[in-house]
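Participant: Sequence:
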Amino acid sequence: MKKPIIQFNQFTFKYRSQVEPTLKNINLSVYEGEKILIVGPSGSGKSTLAHCINGLVPFSYKGELEGSLRIKEQETKELDIFTVSKVVGTVLQDPDGQFIGLSVGEDIAFALENDGVLQPDMTKQVMDVSRLVDMESKLDASLHELSGGQKQKVSLAGVMVDHVDILLFDEPLANLDPATGKHAISLIDQIKKETNTTVLIIEHRLEDVLHGTVDRVIVMDEGQIVSDSTPDDLLASPVLESAHIREPLYIKAMKYAGCKVTPAMQPAHLNTLQIDSWRKHLVQWFEAVKQPEDDTKKDAVVLELDQISFRYEKGKNTIDQLSFLVSKGEMISIVGKNGAGKSTLSKLICGFEKVHCGTIRLHGKDITGDSIRQRAERIGMVMQNPNHMISKHMIYDEVALGLVKRGFKQEEIKSRVDTTLRICGLYPYRNWPISALSFGQKKRVTIASVLALNPDILILDEPTAGQDLRHYTEIMDFLLELNRQGVTILLITHDMHLMLEYTPRAIVIADGKIIADKSAVEVLTDQTVIQSANLKETSLFGLAKRIGIEQPAQFVTRFITHDREVRKTWQ
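When we follow this note's numbering, the leftmost residue of the sequence shown carries the number 9, and every step to the right adds one.
Honestly, the hints are just simulated from the structure, not real lab data. Check the hints yourself; a few may be wrong.
What the hints assert, rightly or not - In silico lysine-lysine, DSSO-like type, Cα no more than 27 Å apart, as pairs:
| id | residue 1 | residue 2 |
| --- | --- | --- |
| 1 | K260 | K190 |
| 2 | K373 | K355 |
| 3 | K373 | K400 |
| 4 | K544 | K263 |
| 5 | K288 | K553 |
| 6 | K521 | K362 |
| 7 | K70 | K146 |
| 8 | K201 | K422 |
| 9 | K336 | K526 |
| 10 | K322 | K263 |
| 11 | K322 | K336 |
| 12 | K70 | K132 |
| 13 | K521 | K553 |
| 14 | K544 | K260 |
| 15 | K10 | K132 |
| 16 | K362 | K373 |
| 17 | K544 | K373 |
| 18 | K200 | K544 |
| 19 | K336 | K288 |
| 20 | K400 | K70 |
| 21 | K413 | K355 |
| 22 | K373 | K146 |
| 23 | K10 | K70 |
To be verified - Here are the computed distance ranges between Cβ atoms for each label pair:
| id | residue 1 | residue 2 | range |
| --- | --- | --- | --- |
| 24 | V291 | E573 | 42 to 50 Å |
| 25 | N35 | E86 | 15 to 23 Å |
| 26 | E86 | E489 | 34 to 42 Å |
| 27 | S250 | E361 | 23 to 31 Å |
Predicted model, so just to flag it, every value in this text is computed and none were measured. For every residue, glycine included, the Cβ atom is placed at its ideal position computed from N, Cα and C.
I would like the entire structure built from these sequences, with the hints used as guidance.
Facilitator: Laid out in structure tokens, this is it:
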């Protein structure tokens with residue numbers, strides 16, 4: 009019989025700066041060798057639960073503890089953080105927050121150096137684990153040169169190289185492209201099987217995690233555990249919907265079609281789902297849902313990139329003779345594998361980096377030589393990592409900062425900031441310190457700080473990473489409304505459903521070049537593009553093919569239209 013390796017008993021935790029506890033009466037046992045997925049809306053306590061397990065609570069994040077938390081039968085309040093770290097290895101939500109070395113190889117080797125591993129053995133272990141995460145060619149690279157997804161891979165490798173009893177992953181897929189995320193889940197599965205390590209994954213991308221095997225899914229809401237069940241049982245229940253967590257899209261489509269999903273149908277995986285008895289219902293629902301109208305608009309060109317190239321060092325171009333036009337009022341996704349040049353492209357448009365050759369025009373005017381400040385008057389940028397943008401201690405002050413610097417009157421500043429905070433779901437926290445927020449909440453602060461400036465062009469790098477479905481919907485619907493008012497929006501994203509739902513046009517980049525510029529549905533039905541750019545066919549497309557729909561792309565677009573109408577009722 010397996011022994012419990014983590015035991016919460018009537019456990020409550022309240023941060024020192026807060027009045028109400030973040031975790032309330034947690035009772036949970038995790039057994040040796042289990043793989044557990046923890047989900048919940050933003051602010052539900054998922055990350056705090058993780059911090060309790062890895063020792064950051066109470067050693068780094070101070071507060072009041074009640075009840076018991078035992079790891080390997082030892083009360084954690086009697087241990088120090090170093091002892092806990094030898095049992096629990098953590099990959100944080102923000103990879104920059106845990107880097108130590110100057111290069112990829114140095115960072116991966118850090119734990120081995122601390123343990124006094126001999127040089128030949130250390131070199132072999134670093135090479136082995138870097139090969140697993142496809143970073144063996146980057147061992148000498150500076151961590152600052154890496155894309156967000158590549159940094160996440162290094163973080164994974166840094167934990168995997170040390171032999172711990174528990175692996176804790178906090179949003180491991182947040183910065184990974186779909187194919188790399190799928191590989192990461194397979195890699196975690198492989199490590200679990202080979203080492204019998206206990207694995208805990210905190211992640212919003214439920215469907216992507218369920219690509220692998222999961223023993224149990226813990227659902228948290230408002231600091232409490234509201235469900236502890238197998239994936240099959242969970243997907244057959246209304247728990248995810250009531251907690252505003254995105255269900256796998258094929259499950260949502262079945263429920264919209266009136267299908268009764270039961271655990272016996274094995275709904276955790278599309279390829280195991282017993283669907284024959286409900287095939288007729290799905291086809292009838294598809295035929296009944298209205299085909300969305302084509303509202304694609306083409307106004308005057310607002311942004312033009314003409315044969316631009318850029319490289320960080322001598323050798324291969326990161327951006328290679330790239331050209332495209334953006335019309336006023338368009339909403340476009342820019343997608344591609346990690347390291348393809350997406351984030352670099354946004355830096356070139358904003359002036360954070362200077363193009364080596366080529367021309368950038370805004371409203372027909374050459375802005376290639378303009379400064380960052382000059383471009384910032386017309387182009388707003390929300391970076392992938394919120395910690396790279398935040399400079400104030402309080403939420404209100406951060407969102408107001410740009411307006412203050414531009415000399416707006418206090419009445420106008422307050423009106424704009426309050427409106428934006430409400431839209432982004434941050435108004436109740438307006439007087440909070442930013443240090444008390446989760447990573448996802450910090451992300452919303454940075455989006456709010458740029459939205460308050462009303463830019464002509466808005467570029468967002470992974471705007472919904474770390475967001476639950478409700479906040480995802482609020483942010484994206486707000487961006488959609490801005491777009492309808494004429495704001496041109498470019499979204500750099502790994503979220504294929506976001507691309508399908510909100511952006512009529514998708515630009516796909518691979519190795520610094522555009523390999524596709526067409527509709528989002530066309531992109532995700534082109535196997536050549538999918539493979540070249542590390543994208544992933546949506547499960548809706550797979551479901552449509554399984555039930556015999558002759559035009560599976562139409563099934564996808566009709567689902568998106570229907571789903572959007574349903575979620576409007578939340579507002």
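Participant: When the structure is checked against the list of hints, which entries are broken? Sort them ascending.
Facilitator: Of the numbered hints, 3, 7, 8, 10, 11, 12, 13, 15, 17, 19, 22, 23, 24, 26 and 27 do not hold.
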